Amino acid sequence: MASARKSRGESLLLRYLVLGTWALVCLLPILWFLSIGFRPRTEVITPQPIFWPTFSLDAWHLLMSDWPIAMYLRNSVIAVAGSVVIDLILAIPAAYALARYDFKGREDIGFYILSTRMMAPAIVAVPIFFLFKTLGLLDSVWALMLIYAAINLSLVTWIIRSYMLDIPKELEDAARTDGASDLRILWEIIIPACLPGIITAAVIAAIFAINEFLFTLLIASTANAYTMSVALANFTGGSDGIIYNAIALVSFIAFVPILILVILIQKHLSRGLTMGAVKG
Amino acid sequence: MPTDAPSVLAKGVAQAAPIRPTQPRRRRSPALRKAFPYLLVAPAVAYLLVITLYPGLFAIYQSLFVVKFLTWTWAGADNYTTILQDREFWAALGNTAIIGGISLCLQTAIALTLAYFAYRDPLIRGWRIVYLMPMLFMPSAVAFIWKLAFNDGRVISDLLGRLGLIEGNVDWLGSIWLSRMTLIVADVWQWTPFLFIIFVAALQGQDQEIEEAARLDGASWPKIFWNISLPMMRPVIVVAVTLRGIDITTMFTNVFVMTQGTPGGATETMSYFIYRQGFRMFNFGYASAASVLMLILTIIIAQTVVKRAFHSGKS
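Chains A and B, in that order, are what the protein sequence lines are. Per my numbering, numbering of the first sequence is gapless, rising by one per residue and ending at 716. Per my numbering, numbering of the second sequence is gapless, rising by one per residue and ending at 431.
Be careful, since some hints might not be right.
No more than 27 Å apart at the CA atoms, straight line, and that leaves these computed lysine-lysine pairs for BS3-like [said to hold, decoys possible]: (1) B/K423 x A/K540; (2) A/K715 x B/K339; (3) B/K150 x A/K605; (4) A/K715 x A/K703; (5) A/K715 x B/K423; (6) A/K715 x A/K605; (7) A/K605 x A/K540; (8) A/K569 x B/K184.
Pulled a few chain A residues facing chain B out of the computed Cβ check, cut under 10 Å [to be verified]: (9) L450; (10) A531; (11) A533; (12) A690.
Derived coverage of chain B by chain A (criterion: at least 3 residues anywhere in the stretch with Cβ under 8 Å from a Cβ of chain A; other residues may be distant) [to be verified]: (13) 168-181; (14) 247-257.
Please keep in mind that the hints were generated in silico from the structure rather than gathered at the bench. Quantities reported herein were computed from a predicted structural model and do not represent experimental measurements. Where is the CB? At the ideal position from N, CA and C, for every residue including glycine.
Construct the entire structure; sequences and hints are all you get.
Structure below.
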């Protein structure tokens with residue numbers, strides 16, 4: 437008994453040593469970066485790094501006066517929210533068909549949708565750039581919305597499909613014998629029953645859209661369409677060099693809402709991130 | 117109460133009667149029935165075709181030209197013969213494989229270790245939130261964090277100096293491997309949580325009774341993990357690592373912000389190569405040729421590795 441307790445104690449020590457170390461690895465850079473956001477620019481890049489800086493709201497004032505940060509935020513919100521709506525409108529019927537109907541080519545169509553996720557943004561970057569140029573959509577929030585929707589459509593479809601597969605068939609059969617049409621069944625039974633899946637898909641799509649960098653960089657060439665993600669790259673321009681404290685502050689402004697969203701769907705996160713392949 | 121039943125029935129019939137005229141319209145013809153699922157997937161597939169097939173065809177077409185601003189000059193397969201002899205192209209391919217490969221191995225190992233220690237821990241919810249945080253920063257922000265830590269702010273050099281590991285300042289962009297390492301550190305820091313979250317969920321979802329039985333037989337936790345849990349979660353590991361692997365091969369943001377390919381192209385990834393050829397040097401035809409080659413590679417990988425991964429993941 438004593439030896440058993442001893443061995444358990446040892447493994448606990450090791451466990452917390454390992455887990456605690458990684459927690460520090462995660463947190464220390466974040467805290468240090470937070471401190472960058474609240475220090476004067478003169479204390480960011482110094483011959484010797486300063487770990488206990490003087491508190492300052494310089495970056496905040498800079499953001500408020502010199503940079504249309506409200507506009508970046510608005511662009512991000514419009515483009516991301518719009519793209520998620522497009523995704524849900526397209527993905528829910530598609531997921532329903534893939535989950536519930538037996539039709540020729542179902543596997544191939546499903547896999548085609550999945551495989552679009554594997555395409556590197558750089559591969560389609562040049563053609564998409566020319567496409568939007570022809571359409572006169574360069575430098576607009578609408579172009580970003582369409583691109584984000586395309587990037588996430590596969591993910592959203594597969595996540596929702598996975599949740600639809602879990603709904604017992606009996607629910608629909610009962611409604612069908614009552615004479616409900618297929619679309620009514622989808623609207624009144626399936627969608628409410630897989631709402632957690634739809635929310636998970638929406639949140640994950642929103643995060644990926646907020647983070648998207650390459651397309652935004654190419655499509656958005658002025659502040660008209662800059663989003664939070666690409667606005668960061670903007671703080672590097674000009675004679676001022678890289679304005680790190682402003683970058684840090686913007687990073688945290690974007691971080692907080694994402695953290696809240698993720699905590700809300702925590703239970704579904706692993707399933708969402710694997711496009712439904714892993715049920716957590 | 118026996119009289120009730122007929123009345124209900126009668127009521128039902130009476131109600132059904134006025135609906136009846138609409139009934140035939142609602143019952144679709146067999147052709148429409150058959151087409152119905154296709155109609156449901158059509159909008160999504162059409163949207164994806166516009167955004168993938170059209171660019172694919174466009175890239176193939178454009179790759180046959182030398183594009184100088186607005187003038188397209190027919191070049192046939194010239195772009196391809198040049199690119200296959202272009203050392204920068206092969207270097208980019210190799211860099212993507214090296215940086216991505218090392219990064220992926222490290223992430224998988226770290227995430228598995230952490231998941232092993234964390235999944236039976238009472239504080240698992242707390243660990244999960246803390247470990248998730250790096251993943252929730254915008255990738256461009258993470259790139260700036262590490263650019264400042266390694267290069268501009270000299271924080272890492274300073275910390276290592278205090279530990280007595282190095283002396284003076286390290287020029288992280290000055291050597292091939294140090295420069296690659298900064299990219300790997302940034303990627304591992306941000307994306308280990310992705311694998312961790314999935315591995316923990318898989319471990320928690322496993323049948324606890326098998327573990328209990330093995331425990332009663334006197335097996336130690338590392339042994340149980342190695343001999344029972346790990347083989348059981350293999351399909352999950354395959355899916356998660358495949359998804360992460362795909363994302364790593366598209367690595368762009370960190371390169372763009374942190375190294376821009378220095379020193380001497382040692383950290384230039386495929387995505388950055390295409391970007392540089394297209395949008396810095398305006399060799400659009402050449403960039404398209406590179407895109408086509410990368411697309412072919414992607415399709416091969418998708419058809420083999422990914423298809424298998426997702427089939428095993430489903431079972």
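Structure-based check of each hint:
1. B/K423 x A/K540: Since the Cα atoms of B/K423 and A/K540 sit roughly 18 Å apart, the hinted pair holds (cutoff 27 Å).
2. A/K715 x B/K339: Judged against 27 Å, a Cα distance of about 25 Å means the pair holds.
3. B/K150 x A/K605: holds, 20 Å
4. A/K715 x A/K703: Roughly 10 Å between the alpha carbons, so the hint for A/K715 and A/K703 holds.
5. A/K715 x B/K423: holds, 18 Å
6. A/K715 x A/K605: holds, 19 Å
7. A/K605 x A/K540: Holds - the C-alpha atoms of A/K540 and A/K605 are around 21 Å apart, at most 27 Å.
8. A/K569 x B/K184: holds, 16 Å
9. L450: holds, 8 Å
10. A531: holds, 9 Å
11. A533: holds, 4 Å
12. A690: For A/A690, the interface hint holds, since the closest Cβ of chain B sits about 6 Å away, which is under 10 Å.
13. 168-181: That given contact holds, which follows from 7 residues of the segment 168-181 of chain B lying within Cβ reach (below 8 Å) of chain A.
14. 247-257: holds (count 10)
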